[in-house]
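Trainee: One line per chain: the protein sequences are V and S, in this order.
Per full-length UniProt numbering, residue 1 is the first one in the first sequence, and the count goes up by one each step.
Per full-length UniProt numbering, residue 1 is the first one in the second sequence, and the count goes up by one each step.
Hints are computed from structural coordinates only; laboratory data are not their basis.
These numbers were taken from a predicted model, which means no experiment stands behind them.
Do not rely on the hints blindly, as some may be mistaken.
Said to hold, decoys possible - The calculated lysine-lysine pairs, modelled on DSSO-like cross-linking and capped at a C-alpha distance of 27 Å, are: (1) V:K56 x S:K133; (2) V:K19 x S:K296; (3) V:K14 x S:K296; (4) S:K378 x V:K19.
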Amino acid sequence: MIEVNNLHKSFIDKKNMVKALDGLSFTAKNGEITGILGPNGAGKTTCLRTLYGLLKADEGSVLVDGINVLEDPLAVRQRLGIFPDKFGLYERLTAYEQVDYFASLHGMQGAKKKAAIVQIFKDLEMEELAHRKTVGFSQGQRMKVTLAQALVHQPKNFVLDEPTRGLDVMSTRVLRNHLAKFKEKGHCILFSSHVMQEVAALCDRVIIVSNGKLAAQGTPQELCDLAGEKLLEDAFVKLIGSDEGVAA
Amino acid sequence: MIQFKALLIKELREAFRDKRALMVALSMGLLAPIMIMVISKTMIKEIVDNPPIYVQFTGAEFAPKLIEKFAVNNILQFANVPEDEKYAWQERNIEVDIPKDFAEKMLAGKAIDVVLRADFGKKASSSPIRRVKEVVREYSLAIGYKRLLVRGVDINLLQPIVLQEQDTALPTSNAVMVSMFLGIYLLMGAFVSGLSIAIDSSAGERERNVLEMLLCQPVSTLKIVLAKMTCASAISVLSIVIMLVLTTVSVGFIDLTKIGATFSLNAFSIAALLLLLIPLCFFATALQLFFSFQAKSFKEAQSTVSMLIMLPAMVPFAIMMIDDKPEWVNWLPISGQSMLMEDVFKGLPVDWAVLASTTAITVAMTVALVLALAHKLKSEKVVMSLS
């Protein structure tokens, strides 16, 4: 369960105040997939980074399973599986070593760690990648490794920042199936995206963010009804009040 | 502890798999003994041997005995120069003019002007010039003594005072050169060996987009910094150990006593040197990490950190130039170690109090850098520059 309450965040960029978040609030519940939609620069990544504790909110709070990220960022991160905005791989390590590294950072060790790694490789159908160095991996393979290292400790909450960027249909389906599986196990999944079909197909609830504020929320169907449109894309444009950034 | 172990193992794995960075790191250690050998060998040759000197004599036929005396001392006619050395001696262009009336004046007991013409400022010519002067002086004195002897005068009368020179400086200036070179080399080793690994694990990771992922993990930035520092420092310590061991072995092949060098690298002095240098390795990598984590790109990190290499090269020279050193110079990193190393090479007893205080200050500064960096990695500025 992730609760975001009245989040404010400004950056000072060359003496100009840029308001990235302006009182954003939403809740991502367990057993649901929550999608964050928003044009470029709406504050999605800032919001997620505040959630990981990388940025400190000027005002408002983020609670993950009831723990305030400002008070105990390490405990919050322990409960999160993070698929960041920009992800790279350690190209001199094998996929297995890399996942092993992140498992150890989450305090796993011994037989338990080994079993968890073997399991996640099996779940993501990537056993044949395990002992190859990650240099030269395709975008889909890189996504799988990143997903494996984010999920190896079986986090209760799972945050993905535009995970389908640059992925082909097959890889997107693997990701989607995996998210659906996690949802069934009662995990809380929060992910940001630009791809409307995906959000419509996958999400139980959609949060539309615009100018650092909550523009609308509800199921994809509710949002369409609210805007009086048939397609989520049209509803989205109408709800944020402009067509700026949709093309991205 | 699990986390730190995992961080460290990962850093070491990456470092040892980055063959090029590792090669750069260890090449200094592997090259050190060769450099020391070559430098000492040329020095020894220059000082101890009497290599042939080729001088352009004019009027050699007027003073055959003098020419003979020159030849005995391996000072030869330019006409005899071997082809491969011809250019070098042409460059030096040392000329000796013997006047036509040499024999005549000698008979008459008048002063003879023999001219020595050369570039006295040229370093390559200084030893030949010295030897030519010496031969002429000796020859002249020998004739003078004989003249007095045949007139029944005791030649000791000419020397009312004999100055006995006793040099208390343990190594001669040349030995100082060798040991100073080794000292600077070791300092450079401490600074340079871990450099590429420090940059790669900080600015390199940022550029490869893996730093954000690491910062999102439930691990304190202090552990991250410590692991990265330990890894890069381990490489530079390794490089220094290789350097010392190989130098000890290679120095055994050269007779350094010939140039008055008294230092020997025994187990004790190696231990003392390691004790000095290991904290410096950690200090150097902490400094490098501190700057390269703040750089915006790999390239920026490289140029900033490269400037740090100037420190170990410049500080020992600067210290050499200052005659009245203030006492605090003893305690600072680099300068303190550099002066203590000088003592070790001279064979002087190690000043443990100074060693302890220098080490303590170096360690304290390292700790301060690590804490500051760990704090900085938590700041939003670092996070913002991730994208």
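Trainee: Next step is simple, just say for each hint if it's right about the structure.
Mentor: Verification of the supplied hints:
For the hint linking V:K56 to S:K133, the alpha-carbon distance of about 80 Å lies beyond 27 Å, and the restraint is violated. Proximity of V:K19 to S:K296 is assessed by CA-CA distance (about 24 Å); at most 27 Å being required, the pair is judged to hold. Only pairs whose Cα atoms come within 27 Å are accepted, and V:K14 paired with S:K296 is accepted, the gap being roughly 17 Å. Restraint check for S:K378 and V:K19: satisfied, since their Cα atoms lie roughly 21 Å apart, inside the 27 Å limit.
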